[in-house]
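Line by line, the protein sequences give chains A and B.
Heads up, the first sequence is in our numbering, so the first residue is 694 and it goes up one at a time.
Heads up, the second sequence is in our numbering, so the first residue is 107 and it goes up one at a time.
No lab work stands behind these hints, which were simulated from the structure alone.
Glycine residues also receive a C-beta, built at the ideal position from the N, C-alpha and C atoms.
Check each hint, because a few of them may be wrong.
To be verified - Output of the computed footprint for chain A on chain B, the stretches with three or more beta carbons under 8 angstroms from beta carbons of chain A:
1. 175-181
2. 225-238
As the list claims (entries may be wrong) - Computed beta-carbon distance windows for the label pairs:
3. B:His146 to A:Tyr793: 41 to 49 angstroms
4. B:Arg248 to A:Tyr793: 50 to 58 angstroms
5. B:His146 to A:Leu862: 55 to 63 angstroms
As the list claims (entries may be wrong) - 25 angstroms max Cα-Cα, derived DMTMM-like pairs, lysine to aspartate or glutamate:
6. A:Lys855 to B:Asp240
7. B:Lys370 to B:Asp357
8. A:Lys855 to B:Asp149
9. B:Lys176 to B:Asp230
10. B:Lys370 to B:Glu288
11. A:Lys852 to B:Glu194
12. B:Lys176 to B:Asp357
13. A:Lys855 to B:Asp350
14. A:Lys852 to B:Glu367
15. A:Lys855 to B:Glu295
16. A:Lys855 to B:Asp357
17. A:Lys855 to B:Asp294
18. B:Lys176 to B:Glu198
19. A:Lys855 to B:Glu182
20. A:Lys855 to B:Glu194
21. B:Lys370 to B:Asp350
22. A:Lys760 to A:Asp747
23. B:Lys370 to B:Asp294
24. A:Lys855 to B:Asp237
25. B:Lys176 to B:Asp149
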Amino acid sequence: MLNRVLNSPAARFAAPAILGVLILVAWQFVCRAFGVPAYLVPTPTDIAETLVQDGPMLTSALMVTLKITFLAFALSVVLGVAAAFVFVQSRLLEVSLFPYAIILQVTPVVAIAPLIIIWVKAPVPAMVICATMVAVFPIISNTILGLRSVNPGLVNLFKLNKATRWQTLARLRVPSALPYFFGGLRISSGLALIGAVVAEFVAGTGGTSSGLAYQILQAGFQLNIPRLFASLFLITVTGILLFMAMAWLSKLALGGWHESEMAH
Amino acid sequence: MKREMEMSALGAAAERTPVGAGPVVLHADAVEKTYPNGTHALDAATLAIRRGEFVSLLGPSGCGKSTLLKMFAGLESPSGGTIAWCDEQGRESAEPGRSMAMVFQEATLMPWARVAANARLPLDLAGVARDDGDRRVAEALRLVGLDQFANVYPRELSGGMQMRASIARALAIEPSVLLMDEPFGALDEFTRNRLDADLQRLWRARGFTVVFVTHSIYEAVFLSSRVIVMAARPGRVIADVPIDGPAERDDSFRVSSPFIEYCKVLSDHLGRANRGER
Numbered sequence: 694m695l696n697r698v699l700n701s702p703a704a705r706f707a708a709p710a711i712l713g714v715l716i717l718v719a720w721q722f723v724c725r726a727f728g729v730p731a732y733l734v735p736t737p738t739d740i741a742e743t744l745v746q747d748g749p750m751l752t753s754a755l756m757v758t759l760k761i762t763f764l765a766f767a768l769s770v771v772l773g774v775a776a777a778f779v780f781v782q783s784r785l786l787e788v789s790l791f792p793y794a795i796i797l798q799v800t801p802v803v804a805i806a807p808l809i810i811i812w813v814k815a816p817v818p819a820m821v822i823c824a825t826m827v828a829v830f831p832i833i834s835n836t837i838l839g840l841r842s843v844n845p846g847l848v849n850l851f852k853l854n855k856a857t858r859w860q861t862l863a864r865l866r867v868p869s870a871l872p873y874f875f876g877g878l879r880i881s882s883g884l885a886l887i888g889a890v891v892a893e894f895v896a897g898t899g900g901t902s903s904g905l906a907y908q909i910l911q912a913g914f915q916l917n918i919p920r921l922f923a924s925l926f927l928i929t930v931t932g933i934l935l936f937m938a939m940a941w942l943s944k945l946a947l948g949g950w951h952e953s954e955m956a957h
Numbered sequence: 107m108k109r110e111m112e113m114s115a116l117g118a119a120a121e122r123t124p125v126g127a128g129p130v131v132l133h134a135d136a137v138e139k140t141y142p143n144g145t146h147a148l149d150a151a152t153l154a155i156r157r158g159e160f161v162s163l164l165g166p167s168g169c170g171k172s173t174l175l176k177m178f179a180g181l182e183s184p185s186g187g188t189i190a191w192c193d194e195q196g197r198e199s200a201e202p203g204r205s206m207a208m209v210f211q212e213a214t215l216m217p218w219a220r221v222a223a224n225a226r227l228p229l230d231l232a233g234v235a236r237d238d239g240d241r242r243v244a245e246a247l248r249l250v251g252l253d254q255f256a257n258v259y260p261r262e263l264s265g266g267m268q269m270r271a272s273i274a275r276a277l278a279i280e281p282s283v284l285l286m287d288e289p290f291g292a293l294d295e296f297t298r299n300r301l302d303a304d305l306q307r308l309w310r311a312r313g314f315t316v317v318f319v320t321h322s323i324y325e326a327v328f329l330s331s332r333v334i335v336m337a338a339r340p341g342r343v344i345a346d347v348p349i350d351g352p353a354e355r356d357d358s359f360r361v362s363s364p365f366i367e368y369c370k371v372l373s374d375h376l377g378r379a380n381r382g383e384r
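Chain A with its partners taken away, still in its complex shape (with noise of 0.2 angstroms):
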C-alpha cells in the first residue's frame, strides 16, 4: 500500500520537499533555542533575508557562473561526442590518445587552474577551459562505451543487408549510443557546475572577480556566513535544476524503448 503510494509522482516529489521543511524548521528551532550566532551557523531565515536583500549582487554573480557553466558543458558535449567518434573510428587514434584523455581526467583542475588562468588572460575563457576539462571525460568514456554496446546481431543484419559505413552509423551505432550518452550528460552537467566553481575559486584567489564562488571567497573573509550560505543555497539549486533537465532530456529521448527510463 505504502509501496504504491510512494510510486505516484506527486509523492515522489512531496516526500523530499516534507522532509526538507522538517529540517528547515528543526534548524531554525534549534539555532533560535541555543542561541547560536549567525556569524558561526545562519537560521534558514536569515539566509533568506540575505537572499533578497543582496539579490541582484548574487543575481548577477549566479549569471557569471551558470554562463562559465553552460559553455563549459556545451564545449563538453561537442569536443566529448567528436573525440568518441574519432576513437571509434580509428583504433590507432584511440590507442595512441586515450591515455591523454585520461591523464586530463586525473589531473586535479585545481593543481593546473592557476596555470591556465595565467597562460589565458581573458578570465571567462580561461575558466571556461578548467571547467571543461573536468566535464568532458564522462562524455567521451560513455560515448565510446555505447558506440561499442552494438548488438552483434544486428551489425551482421546490416552487413546482410549491405549498409554502408555511414548508414552503420547513423542507424545503428548512435541510437545504441544514445543510453550511454545520457548517462554520460547527466554526470558531466554536475561536473560542469563543480569545475565552474573550482576555477572561479583559483581565479578569486587570484584577485578576478566573478560568480557565486567569489561571494563565497569574500563572505568567508568577511566572516558574512549568511551571504555565504546564500551563495551555497544558489549553486545547490542550480546543480539539482541542471540534474532533472538531463533526467527529463534523458527521459524525452529514451522514453518508448529504453529499460531505465520505463515506468517501474
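Since the structure of chain A is already known, use the hints to place chain B on it.
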C-alpha cells in the same frame, strides 16, 4: 495409403513445379570451415539448394549447421571450397545478392524503433521509395499477423511476437531465399508449433526458398521438403532425406504415421553417427 489420399486432395499445389525440381539457387562445393583457433567447424560439405525448396539443416550442437548457414548468408567465408549464389535469371555469382533475407536465433530488433520501422529497415538500407516501402511493410506485417502492432516498440511484444516481427522484416524485402538460424529455439513448444505452422503456410503461399537450421527432429520433419542431417566433431553432412509429406501440413500431420516414420529415419541417422564416433 493414407499419404496417397492426402496427396491427391491437393490438386492445386500439384500444378506448380514440383518442389526440388527447380533451378539451383545456392550451391556449396566442398565447403570447409576451420576457425583461426583451430576449431574444425565443418568438413568438406557439398550440397545444392533448389528454388522453392524448404531445406532443414538438422544436427546436434557443433555440427556446423549454423556455420554453413552463415556462409550461405555471406557473413562468414569458407576456409576451403566455394559457395555460389544464383539469381532469379540463373546467373551465378560469388557474392550473395539483395534478394536473400536472414532470421536469427534471437529476434534482433532495434529496441528504439517501432515494429513497422524495424520491418522497414532493409528497405530503407536499400533505398526503396517511401510509399512502396509502406506497402511492403504493411503486407509483411499482415502476413505474420502483426498488422495491429505496427506502432508498438519491440519490448512491448512477447517473445513469439518479436520473432514474428523479425520474420516480417525478412519478408518485407520479398526475398527469394530465406535463411533461418534456429529462429524458434528460444520459444515455448506451443508458440513454436504455431509459428512452425504459420511458416509452413507462408512458404506454401509464397514459394520462396528456405534454408532452416534446427536441432529439433520434429520441427525439421514438420517443415521441410528435404532434411540435411549433420553430425559433429568434425561437423559434416551424413544424410540427405527428402520429406514427402502432405503439401498442406497442420497439427494432424504431427501425429500421422508418415511423420513418425520420418522422425525415426532421421533419428536413426543421427544415432548411427553418434555411435560411429565413439
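Hints and how they fare:
Here's how the region 175-181 of chain B fares: 3 of its residues keep a CB closer than 8 angstroms to some CB of chain A, so the rule of at least three is met and the hint holds. Coverage of a stretch by a chain is defined here by at least three residues with a beta carbon nearer than 8 angstroms to that chain's beta carbons; for the region 225-238 of chain B and chain A the count is 5, and the condition holds. Taking 41 to 49 angstroms as the suggested C-beta distance range, the pair histidine 146 of chain B and tyrosine 793 of chain A conforms, at roughly 44 angstroms. For arginine 248 of chain B paired with tyrosine 793 of chain A, a C-beta distance near 55 angstroms keeps the hint of 50 to 58 angstroms intact.
The supplied range of 55 to 63 angstroms is broken by histidine 146 of chain B and leucine 862 of chain A, whose beta-carbon atoms lie about 36 angstroms from each other. A C-alpha spacing of about 21 angstroms is found between lysine 855 of chain A and aspartate 240 of chain B, which places the hinted pair at or below 25 angstroms, so the restraint holds. About 18 angstroms separates the Cα atoms of lysine 370 of chain B and aspartate 357 of chain B, which keeps this hinted pair within 25 angstroms; it holds. A C-alpha spacing of about 29 angstroms is found between lysine 855 of chain A and aspartate 149 of chain B, which places the hinted pair above 25 angstroms, so the restraint is violated.
Straight-line distance between C-alpha atoms of lysine 176 of chain B and aspartate 230 of chain B comes to about 23 angstroms, which keeps the hinted pair within the 25 angstroms bound. About 21 angstroms separates the Cα atoms of lysine 370 of chain B and glutamate 288 of chain B, which keeps this hinted pair within 25 angstroms; it holds. Between the alpha carbons of lysine 852 of chain A and glutamate 194 of chain B the distance comes to roughly 22 angstroms, so the proposed pair stays at or under 25 angstroms and holds. Our distance criterion of 25 angstroms between C-alpha atoms is broken by lysine 176 of chain B and aspartate 357 of chain B, whose separation comes to about 31 angstroms.
Under the criterion of a C-alpha separation no larger than 25 angstroms, the hint pairing lysine 855 of chain A with aspartate 350 of chain B is inconsistent with the structure, at around 37 angstroms. Restraint check for lysine 852 of chain A and glutamate 367 of chain B: the C-alpha separation of about 41 angstroms exceeds 25 angstroms, so the hint is violated. Simply put, lysine 855 of chain A and glutamate 295 of chain B have alpha-carbon atoms about 34 angstroms apart, too far for the 25 angstroms limit, and the pair is violated. For the proposed pair lysine 855 of chain A and aspartate 357 of chain B, the alpha carbon gap of about 39 angstroms is over 25 angstroms, so the pair is violated.
Distance check on the hinted pair: lysine 855 of chain A and aspartate 294 of chain B sit about 33 angstroms apart at the alpha-carbon level, beyond 25 angstroms; violated. A distance of roughly 19 angstroms separates the Cα atoms of lysine 176 of chain B and glutamate 198 of chain B; the hinted pair therefore holds under the 25 angstroms criterion. Only pairs whose Cα atoms come within 25 angstroms are accepted, and lysine 855 of chain A paired with glutamate 182 of chain B is accepted, the gap being roughly 14 angstroms. Our distance criterion of 25 angstroms between C-alpha atoms is met by lysine 855 of chain A and glutamate 194 of chain B, whose separation comes to about 19 angstroms.
Between lysine 370 of chain B and aspartate 350 of chain B the CA atoms are separated by roughly 14 angstroms; this keeps the pair inside 25 angstroms, and the hint holds. For the suggested pair lysine 760 of chain A and aspartate 747 of chain A, the alpha carbons sit about 20 angstroms apart, so the restraint of at most 25 angstroms is met. Only pairs whose Cα atoms come within 25 angstroms are accepted, and lysine 370 of chain B paired with aspartate 294 of chain B is accepted, the gap being roughly 23 angstroms. Our distance criterion of 25 angstroms between C-alpha atoms is met by lysine 855 of chain A and aspartate 237 of chain B, whose separation comes to about 22 angstroms.
Under the criterion of a C-alpha separation no larger than 25 angstroms, the hint pairing lysine 176 of chain B with aspartate 149 of chain B is consistent with the structure, at around 15 angstroms.
Taken one by one, the earlier hints fail for this structure at numbers 5, 8, 12, 13, 14, 15, 16 and 17, listed in ascending order.
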